[in-house]
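> Protein chains in written order, with this note's numbering: chain A, 23 to 126; chain B, 8 to 216; chain C, 54 to 355; chain D, 5 to 698.
Since the hints were made in silico from the structure, they are not lab data.
Ideal placement from N, C-alpha and C gives every residue a C-beta, glycine not left out.
If a hint is listed, it holds; no wrong ones were tucked in.
Distance windows between CB atoms, simulated: (1) 129(B) with 40(A): 30 to 36 Å; (2) 91(D) with 220(C): 55 to 61 Å; (3) 105(A) with 321(C): 54 to 60 Å; (4) 309(C) with 66(B): 26 to 32 Å.
Stretch-level coverage of chain A by chain B, calculated; a stretch enters the list once three of its residues show a Cβ under 8 Å from a Cβ in chain B: (5) 57-71; (6) 79-87; (7) 99-106; (8) 109-120.
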Amino acid sequence: MTDKHVETYTQDFRSYCIGGLLALILTSLAFGLVVFEVLPNFERLIAISVLAVAQIIVHFRYFLHISWHSHRDDLQLVLFTSLILFLMVGGTIWILFNLHEQMM
Amino acid sequence: MKRQPLLHPGLNLGSTDEYSHDVSEPIIFGFWVFLMADLVLFAILFATYASMSVQGQAGGPTPIDVFDLPSAFIETMLLLTSSITFGMASLALKYKADSLHLVFWLVLTFCLGAGFIGMELRDFWVMIQQGAVPQRSGFLSSFFLLVATHGIHVTAGLFWMLVLLLQLRVFGRTTEVKLRLMRLALFWHMLDIVWVCIFTFVYLFGVAQ
Amino acid sequence: MQNVVSMRRNQELPKILVRSAGVLLLLTSSVVAASDGFINPAGPVAEALRDHLIFIVVVMAIVIAPLFIALPWVLWRYRLGTKSGSYQPNWEFSWPLEVLIWGLPAVIVGVLSWNLWHQSYELDPYKPLAATEAPLEVQAIALDWKWVFIYPEQDVASVNELMIVAGRPVRFRLTSGTVMQSFMIPRLGGQIYTMAGMVTQLNLLASEPGQFRGLNTQYNGMGFANQKFMTHAVSQADFDTWAVNMSESKPPLNQTAWAQLAKPSVLASPQSFGSVAEGLFTGVIADFTGGYHHIKADGTDL
Amino acid sequence: MTAESSFSLLGILTAQDISFVHTFEHPGMSEFIDASAGGVMVMGGIIVIALLTYYRGWHALWCDWLTSVDHKKVGIMYIVVAFVMLARAIIEGVLMRYQQSIAVNDPGILSPDHFGQLFSTHGSIMIFFVAMPFVTGMMNYIMPQQIGARDVSFPLLNAISLWLTAAGAALVMISLVVGKFSTGGWTAYPPYTGIEFSPGEGVDYWIWSISLASIGSTLTGLNFATTIYKNRAPGMTLFRMPLFCWTSLCTSILMIFAMAPLTIATLMLALDRYAGFHFFTNDLGGNMMNYANLFWLFGHPEVYILILPAFGVFSEVISTFSGKTIYGYKSLVIATMSIAVLSFTVWLHHFFTMGQGANVNVIFGIATMLIGVPTGVKVYDWLLTMVRGRIRLTTAMLFSVMFLVTFVIGGLTGVILANPPVDFAVHNSLFLVAHFHNMVIPGVLFGMIAGYQFWFPKAFGFRLAERWGKVSFWCWSFGFYLTFMPLYVLGLMGAMRRTVEWFRPEYLGWLQVSFVGALLLFSGFLFLCVQLVVSIRQRDQRRVPAGDPWDGRSLEWSNSSPPPEYNFAVIPDVTGQDAFTRIKQQGQAYASPIAYEDIVVPKNSIVAPVIGIAAIMFGFALVWHIWWLVVFSFVCMWGAVIARSFVTETERVIPASKVRADHEAWLQQVRECATTPREQENTSVNVGRAEVLT
Ligand code: HEA
Ligand code: HEA
Ligand code: CUA
Ligand SMILES: [Cu+2]
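Work out the full structure, taking the sequences as your base and the hints as a guide.
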């Protein structure tokens, strides 16, 4: 890393602007996909999910300033949380849908 | 620079206010941990919603019957814009010596946030008018709990903002107030992320299916 | 002399343990033979469960027994004041041992997992049992605090008493008219939950004629301890006679009788019904899932 | 919720709900026991108040303890809460054993409803208000000292967590006198606990007391994790931390992530009950299976929240009393972390019998068994720690050894339960009850008792009487085996949990043995009390002012007993694992530091007690639908927080001169102390300065 993380106003300002812009665009895209019923049903769901994930990354990167430059502890924390969330949400959905299928 | 600068997530004050930056370390980290715990809470609500919105309609209204997508879209825009304005407030906190910019951006953020809450309440009201009350079905119970939990968080954020505006007035830009503002910023941006998920997985998915 | 004393003290504890475990095992096996748990199986499912249990214990013994042996020895050998074992306060690592203590349990878990995998599919309660005969169909409904059994093919029903055919598989379809409960006949096999608005399944078989206790295992209030029934496994001929007798002599299970049953109560003795109202079982399920009007956007239908 | 009740000053509370009134009007054995329990509690409260008034203790209690934010005092208060709640929960345990031992074809002495309340309060209290506060208190007291910190990262938050937990405990206690508790067990499965099947206040008591405790635990977890990440002394890298700190870290992480599902589950249950929502109801799309899912998403990590700190204690105790470095430090750390992560992948094993497909069961079953691998590694690491050491079988060590032996039996039965087919047969049976008591008693409680014996001299400055400790130990061990081994057998014989009356004569013998065992366990507890009283009376012969009675290895032993409020006069510089042992071996222990600095400590604060008391009112008001009080106490809680944020003078400075004076005086005293050889550590020779072997 060449820069010593001494940010300047312009840099920080640019970061928020890029983030904001990207966020607005991504949201509008997803909205557009649904309103104008672009793509077949399943593909559309996939597309808006991808857009959502992209937007989450944008928020983390430009608003919350998480990046590979971040302090290790914080990065670990976020990554670990993602793992746990994945386990909990994935597990719950799997279990509940499986139960539903077996019993209804 | 002598020491390797530590960067915590969020806007670092290091380059303009080294003292505040130094003491911020554990506090900001602690707050991140809190945010992550809060995120788990939302994740659980999402998982519940994911199953109940499909399995728990109980012959009642379905998502597509009750969701007002354009309204949700405008809410999203409000909230996203408020994140940008809070970003500007953070910049003012970091780079501007006076509080004027800071207060301006905070007030603007507050208005946007309040607008969001107002619209959300209107949406709820419309749904209730249609008979889509949380007591109607599991789907609606989980919808209201998820979305309202987010709404309550935003409302809490608004209260917090008011208290901090008051503190800016009383104490000026002391380290403590700065750190609180930084935490509020993290809180606010995180709620944005949660809303993006709500918008996508509740509203868009609900209507797209 | 002193050594002997301290040895005694040091070994007292594990020795007592081993001994009491031995006595316990002996006692257990004798009592168990007379008990009515799955450990004294009366059908192939319970038998498989028991064998699976024994398999696990035996395999686990490979990693657990060394501890029971080594611990007393270590306590004795490295006690304070001894000259026997060397004292190396900084000894903290050894690769061979490390590989052993990670590796051996990992292998054991591997073996157990393999077994678990197969057994779980094999003994899946939903899976029909391999048999030449078609299974006897029984619909079970859990109520507070009783079990209702409907025999759709015979069109009869019994409460707190279950009649099955020895040697012929039984396929239960279960639901609940109240809170969640769990259906079990210990000597025949495992249990399964019953829930309102849903259907679970269970396949069991009694190899020989006999009487087996059944019960609800999931706490459901005041009458919980009394929610038990007797299972009678009889020959096909006896079963048929029983069914015919029932339909000839017993009252019908109609809406009035059902409403009476559905009230929370503990029955003094089993009841029987000679016919069953059309679609009772599905009706109980539909009570919790269906029958709702689709709401109109303007809410007029609410 | 009728219209008039919503506006009534006392909500739906009536005189009938007070247990004494109820018993007076409907006398009966069960009611009588209930009322006496309430009576004992009220009497106990009155006696404590009277004593405090008589000895003029109020001021000291308030200023030194209740408003304190010092992590050591908070830790001790946690343990006191645990202890008070324990007294109730043990008696309930023994009572249940008595009931079951006589209730073969006989109704016994307890009504089914009362029995239902007993296992519900016993389980809930033991988990949330005994084991949790106990481990939290232990971590509070020890962990900051071990990492060389002056306090936790957020001392006030720490006190608030304590008060929230205490508020939850208070609610459970109140339910003894005002109204009833839930009969839904500690798991409170709906729809049984829904409003349709459990009307009345019982389940609401459960909901709000558990919710308060779970919020407290989340905050604790966050606080501890931050402390460990950010407050370590210079040189104390993560991989030099004592194992107790590692287990504390993993426990904290579990607390952070695992409490949320519980909070949400209880919240949903509350919405169902109070507002007619349909999360877990039978009809209108409710899905109780999701409750089971959410509860165990919390419940399984919870049992590791309890056991991990105990594992930490055993690591410290075994290493210290073997006079040896812990064997396989890194592998223990890795094992601990694996257990923590794996514990999020197994929750379904609590409802294998719900009816999902075999594939789901298989995955979760295998994941469950995988936990056996790191646990086994830990067990053998402890064994190897003793190898090539010099073992002293002190009380703490005896508990640790017995833990090793007994815990693996519980682990074995755990693995049995992890196999779905077998679980189908023993789920909900006494076999399961035996399994988890086999984990919590020899695991969690033995760990806590071992830690209590081990660190007591650190906290209070004098050693406990070993003899009584050992008597108690034998009672505990035999008591445990006698009580719970028969339950395994009964479980295999088809006896189910939560059963108030039996109908199988062959159970009788086993049940009676089990009751005798429970009495023995109870006497083990009494002997612990005797030990405490005896030790207090002999405290002058037992003092260990030098602070290191056991030749300890980690930093907490390097300061006085009891330690000063700022823990370390000068923050130590750490150069490796077993920090204090190193210092001792390098001959640098008790050397005067080069310079002293002013020390900043947080001031006492009334915010935590205010929040705690408001939380009790909040919970109580919700239970009884006293809406005005709900609003009022809610405003109080948040008002206190906001008001606090306007207070600027929150810290106090202890001048360097005072620190120097105190510390040098202590060092002087230590240097005059004779050193104790290990053979004599349980005699009055031991004043807390250990002989250093080189
Ligand atoms: C930490 C958890 C814990 C502990 C310690 C115990 C301890 C005991 N339990 Fe436990 N029990 C549960 C958790 C625990 N239990 C749970 C979760 C349930 C399920 C509830 C439900 O169904 O929902 C249950 C249910 C349960 C039942 C109901 C079984 C059924 O469903 O049929 C019974 C019946 O006898 C019982 C008995 C006992 C007995 C006799 C003791 C004790 O008497 C054992 C002896 C313990 C002590 C004497 C206290 C320990 C003392 C100390 C730690 C002091 C040391 C400290 C200092 C000196 C500072 N328990
Ligand atoms: C501190 C508490 C604690 C601990 C540590 C554990 C540890 C384990 N538990 Fe237990 N459990 C409970 C407390 C605890 N449990 C409670 C309270 C309940 C019931 C709640 C209720 O319903 O009310 C319960 C219920 C419970 C169930 C649900 C049963 C049912 O409801 O039907 C299962 C099923 O898998 C299970 C399994 C395990 C396993 C596999 C472990 C493992 O972690 C054990 C690991 C240890 C070993 C395996 C021994 C040492 C290892 C070796 C010597 C190496 C060799 C090992 C192998 C090769 C595998 N437990
Ligand atoms: Cu529970 Cu289906
Ligand atoms: Cu578990």
